[in-house]
Amino acid sequence: MSTHDRSENWGTSEAVDIDLQRQRHLFLKLAENAFLVAESLRDNYFKNTAAFITALRRAMMRQDSILATSAVDDLAWDDCAGEVVTFVDGGVGQVQISSQVPILLRVGSYCVRTGERQLASRESFGYYPVILGDLEGGSKERKDYIDIVRISAELLGGLSALDRTQDLNVLMFHGPLMYLVEAYAGHAPFTERDIDLFLGQYGTTSDQGRDLKEEFLRQARIDIYPAMTDDARRLVERRLFEPLAWIAFLYRSLIRVARERPKPPVIVGVVERGDLREFIETVLLRRVFRGLREKQREDYFNTMYGRTDLVSEKALLDRLGYTDSLLMGMLLRPGEASEPWEVGKFAGLRGGQMGLPGEASTMPMRWEPLQPPSPFGFPPIVACYVHVSETTEPIRVEVFKELGIEHLREAARRAYLYARLLPGYGFPVGLDIADKYAKVPTWLTDAYGKIIRHQLGVSLQQGEISDADMRRILVQAIYMTHRDWLFRPQA
Amino acid sequence: MQDSNQHHELNAYVGTIVGESTSREFRLAVAHEAIREQDIIAVDAQLRSTTPGVLPEQLRIWAKVQRIERMNPLFPSEAGHELAATRTDPFDTVLSLSREMVTAVCQVLGAERFGTDAVGRLDQLRYPPQPATRAYRPASEDLVRVLLGDLGKNDRRALDIAVLANRPEVDVKVDGHAVVTRHLAILAMTGAGKSWAARRIVEELAKRQYPIVIFDPHGDYTGLADVKGLGNRVRRYYAQLPLFEEDADTVARIVSDLGYGLRDTMRFRFPDVFEAARSFFDCNDTELAKRIASLGELAGNSVHTYGVQPNMWLIANMASAGRFAVLDGKTSLVTWDWPELARYNRRDAATLEAIEKRSRSAASVLHRMERINRSIARAADPLPIDRRQIVGDGSISIISLAGYTSDFQATIYSIIADDLFEARVQDPDSWPVLLVLEEAHNFAPAQSRTPAESRAITTTRQIAQEGRKFNVGLILISQRPSRLDETTLSQCNSYVIMRMVNPADQNFVRRVVESLGEDDARMLPDLDVGEAILSGQLVKFPTLVRLKEPESAGEREERDAFAVLDEVRRNNPSSASAR
Ligand SMILES: Nc1ncnc2c1ncn2[C@@H]1O[C@H](COP(=O)(O)OP(=O)(O)OP(=O)(O)O)[C@@H](O)[C@H]1O
Ligand SMILES: [Mg+2]
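Heads up: the sequence lines are chains A and B, in that order.
Mapping of the first sequence onto the numbering used here: residues 112 to 602, in sequence order.
Mapping of the second sequence onto the numbering used here: residues 8 to 586, in sequence order.
No lab work stands behind these hints, which were simulated from the structure alone.
Think of the CB as a built atom: it goes at the ideal place given N, C-alpha and C, for glycine as much as any other residue.
Worth double-checking, as some hints may not be accurate.
Chain A residues, not near chain B, derived (Cβ > 10 Å throughout) [to be verified]:
id: 1; residue: TRP121
id: 2; residue: ILE177
id: 3; residue: VAL196
id: 4; residue: THR225
id: 5; residue: ASP318
id: 6; residue: LYS324
id: 7; residue: ALA338
id: 8; residue: GLU348
id: 9; residue: PRO486
id: 10; residue: GLU517
id: 11; residue: LEU533
id: 12; residue: PRO534
id: 13; residue: ASP543
Partial chain B-side listing against chain A, Cβ under 8 Å, derived [unchecked claim]:
id: 14; residue: LEU81
id: 15; residue: PRO83
id: 16; residue: SER84
id: 17; residue: ARG94
id: 18; residue: THR95
id: 19; residue: VAL101
id: 20; residue: SER105
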């Protein structure tokens with residue numbers, strides 16, 4: 112990627128002021144920050160931020176640019192005519208009584224053939240609900256319990272989408288392709304019954320589901336569990352699925368299936384907004400501080416803000432509250448993507464204790480073996496930021512490094528193209544569609560809720576959901592108008 | 008019966024009940040194009056009995072699709088604007104176009120109980136149908152049964168006039184009793200098929216020997232005579248205004264209204280002339296011969312040429328005769344019930360001359376109207392002196408009103424209708440009758456502008472309000488319902504409502520016709536020619552139908568204007584060479 116042509120004017124403080132005022136969300140974010148930062152920083156927070164951004168812009172325009180950008184607005188709908196795209200989105204349904212107890216997890220998928228006129232072959236939707244109460248594994252007392260379930264369900268949704276659509280070109284997930292998995296260590300393993308429950312939701316044939324399950328158990332027995340614990344037999348005998356090992360396996364399965372295709376599909380996660388600052392901390396500011404050290408101007412920030420403690424990337428961000436989207440919103444122009452970087456989400460994978468379903472005792476585990484580049488660990492991820500429109504924050508696009516860096520560019524161009532249809536939201540429209548489709552329909556009164564009710568009504572009617580209890584719950588969820596339906600005894 | 012239904016349901020699934028349902032209304036999630044507005048559908052239900060130990064009751068809930076809502080909630084309008092701005096075809100993008108949500112709002116018609124002998128009877132539903140139940144398109148025979156209800160047992164009453172608009176294989180029969188006694192209104196814009204509908208109904212009633220009198224301003228019904236089996240019962244009458252049954256003032260006004268205004272002096276003398284003319288025939292034959300001879304001597308040529316008839320010419324001739332009598336000092340006319348003549352002076356003679364001129368002109372206009380009337384009525388008979396004679400067993404009498412101004416039509420109508428009604432009131436053995444009023448807004452207008460109209464309103468209202476007791480029924484046909492007298496219309500218990508685009512008419516109909524639902528009314532502008540919403544006592548529930556074709560043709564079925572031109576050209580060979 113190369114530095115995009117920029118006019119001289121772009122690097123002036125006037126231009127920065129104008130852009131700041133035009134991008135109202137940035138302006139508001141800065142205003143909010145100004146209240147949160149230390150009092151001594153508050154006075155000139157705006158002015159200094161603008162000056163900092165101006166300096167960064169200048170640094171980007173130099174020959175040895177501090178940050179490379181590239182245009183991603185060079186793709187038209189005609190260019191991707193005939194492409195098959197599947198959007199996957201998972202979400203949680205909560206019953207809002209006293210505490211917010213999640214009860215249902217749903218993954219929705221929306222597959223579309225662009226350019227296809229025949230509606231029946233153009234689009235297909237999938238809806239995969241998982242009732243959390245049915246699962247035996249996972250540590251339900253933990254707040255992030257729902258996340259490991261969601262990640263598993265989404266990845267299975269993605270796998271089944273790949274499976275069903277042999278000519279798939281793009282598989283796009285709502286959210287990070289890779290979550291901060293290091294945080295999820297220590298959850299109790301899933302049981303085989305749990306996994307069957309997951310697999311049962313997908314359109315994949317039972318054979319494929321069984322193969323997937325058995326392949327994991329085989330690898331777990333031979334390589335994974337022995338690397339993770341000294342007492343692998345305990346897990347193997349009970350045919351348990353350690354959540355992170357299982358999730359890593361699903362990631363690798365996605366890559367494996369993609370690679371088997373003549374033209375591997377682009378697999379991408381798109382993240383909206385957020386307070387992440389990984390990119391500026393590990394890439395941009397690292398370069399800035401290095402440059403300052405090179406020029407022996409280590410005191411640049413301290414002088415500018417009148418302090419003494421702005422000595423590192425982390426310190427600077429902690430004190431000033433800058434985030435990726437804040438700075439990238441000012442440094443990228445609509446239609447541009449940042450240079451890629453490799454996302455680090457695995458450094459925290461260490462050792463710890465893990466409980467077992469139905470057992471009181473815990474067992475010691477090691478999660479380091481799941482760090483890349485382990486053959487059975489998580490795959491590395493590369494990402495970039497894409498700025499869609501002036502009124503929205505940049506979105507983050509993530510792909511698997513192993514499928515090739517050119518996938519990132521293809522992903523970014525498509526994310527931009529799809530997001531242009533929602534300029535006010537700045538997020539790929541297909542993900543919005545999958546999201547709306549998958550929203551748990553209880554007490555949703557808006558139009559989107561209606562269609563889910565409608566679709567579910569039809570699925571129920573057509574016997575697509577046969578499990579009696581599931582039917583009951585769904586029927587109630589769909590049709591009851593009050594919130595307390597779940598706790599009503601059956602008539 | 009249940010088994011065959013079960014089998015049928017499988018093929019006829021139309022949707023699933025979603026959302027909130029009440030015992031009056033529910034919503035169906037339906038597949039795209041699976042259903043049409045006004046379709047009749049059914050849902051099975053089970054109701055627990057209130058008596059313990061008794062098996063649950065099996066019900067079939069019948070409902071009608073009132074309206075269909077269609078939306079694509081997955082298509083953000085923001086994206087629509089973006090597509091428009093960039094001229095992008097949505098099919099080329101990743102937008103979703105397939106997930107339209109189609110919801111049918113259904114109105115519950117009633118519940119049919121299985122396993123009872125109340126076949127086809129619809130009872131009030133008292134408990135809402137269950138969400139997630141499937142709705143199905145009922146088998147034709149089930150539909151027929153429900154549409155017919157108790158009428159099924161009484162074929163004579165069931166008039167076969169229409170089919171379901173959305174399911175032409177299903178006949179819709181209506182209650183003839185309601186039609187002939189409880190009054191029917193056929194309302195629609197022009198060309199929507201009112202006369203077709205009326206003719207079909209008339210034919211069905213005629214098959215059942217019901218006596219009918221049709222007031223036909225356009226010759227729409229002359230074709231009835233050509234229908235096999237009816238021909239010999241159809242009588243067409245041309246209508247002459249029975250002048251001498253009116254009072255002098257009315258006739259004076261008629262002369263004025265025809266364009267020959269009478270001044271005050273003339274008005275003052277007109278009653279004398281009129282009375283003399285009226286009583287001209289009140290004598291024995293010898294006397295009458297003498298009178299005719301004298302009239303000829305005094306009034307001149309036209310008497311010799313055309314003879315003497317009780318008409319406007321007679322008034323003109325009488326005025327002329329009176330004038331010469333005054334000028335010549337003859338007083339013999341005094342004995343012709345003209346006592347004042349003896350005191351007339353020369354000024355009065357001049358007045359008589361003016362009355363004569365005006366009456367004569369009016370007479371020829373009237374004559375022209377009568378000629379048109381007769382020609383449209385085609386070989387018709389004059390109305391009998393005793394007008395009650397036009398009603399007999401199975402008689403179909405068509406009173407042609409074509410050619411007359413609406414005032415004349417109203418007057419003629421009132422005179423005849425009053426007589427027929429009076430006959431029924433006085434003599435229970437006289438024939439019941441159904442009066443068919445085309446252009447009913449002329450016979451029962453919302454606002455009367457002339458005495459003739461006021462009188463017609465009085466007549467029509469009376470029949471509308473009391474006719475039921477005496478078996479005198481009305482069929483009112485109008486293309487301008489909002490110009491109809493509301494009292495009269497609200498006395499109608501049955502309605503055939505067809506295409507109607509005028510908003511004033513739509514609103515009026517919605518207001519007056521209670522049995523017509525909001526959504527039914529909203530359909531009116533979109534109906535096809537020949538389609539109608541039947542509503543009121545003639546049907547079990549408002550039903551969208553297509554009227555069957557009548558056997559008779561209407562006089563006015565329009566011919567292609569250029570075909571007519573060609574025909575005339577053929578009959579005038581000279582015109583071809585002239586060019
Ligand atoms: N049920 C029907 N099916 C098919 N065509 C019909 C039907 N009813 C009427 N038509 C067509 O529409 C034409 C007009 O019908 P009709 O004369 O009954 O209309 P109308 O409402 O009485 O009009 P107007 O107000 O002019 O008297 C008919 O000549 C016929 O061609
Ligand atoms: Mg007509």
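Hint by hint, here is what the structure shows:
no.: 1; hint: TRP121; verdict: holds, 26 Å
no.: 2; hint: ILE177; verdict: holds, 34 Å
no.: 3; hint: VAL196; verdict: violated, 5 Å
no.: 4; hint: THR225; verdict: violated, 6 Å
no.: 5; hint: ASP318; verdict: holds, 30 Å
no.: 6; hint: LYS324; verdict: holds, 32 Å
no.: 7; hint: ALA338; verdict: holds, 41 Å
no.: 8; hint: GLU348; verdict: holds, 44 Å
no.: 9; hint: PRO486; verdict: holds, 35 Å
no.: 10; hint: GLU517; verdict: holds, 21 Å
no.: 11; hint: LEU533; verdict: violated, 6 Å
no.: 12; hint: PRO534; verdict: violated, 6 Å
no.: 13; hint: ASP543; verdict: violated, 7 Å
no.: 14; hint: LEU81; verdict: holds, 5 Å
no.: 15; hint: PRO83; verdict: holds, 6 Å
no.: 16; hint: SER84; verdict: violated, 11 Å
no.: 17; hint: ARG94; verdict: violated, 11 Å
no.: 18; hint: THR95; verdict: holds, 6 Å
no.: 19; hint: VAL101; verdict: holds, 4 Å
no.: 20; hint: SER105; verdict: holds, 4 Å
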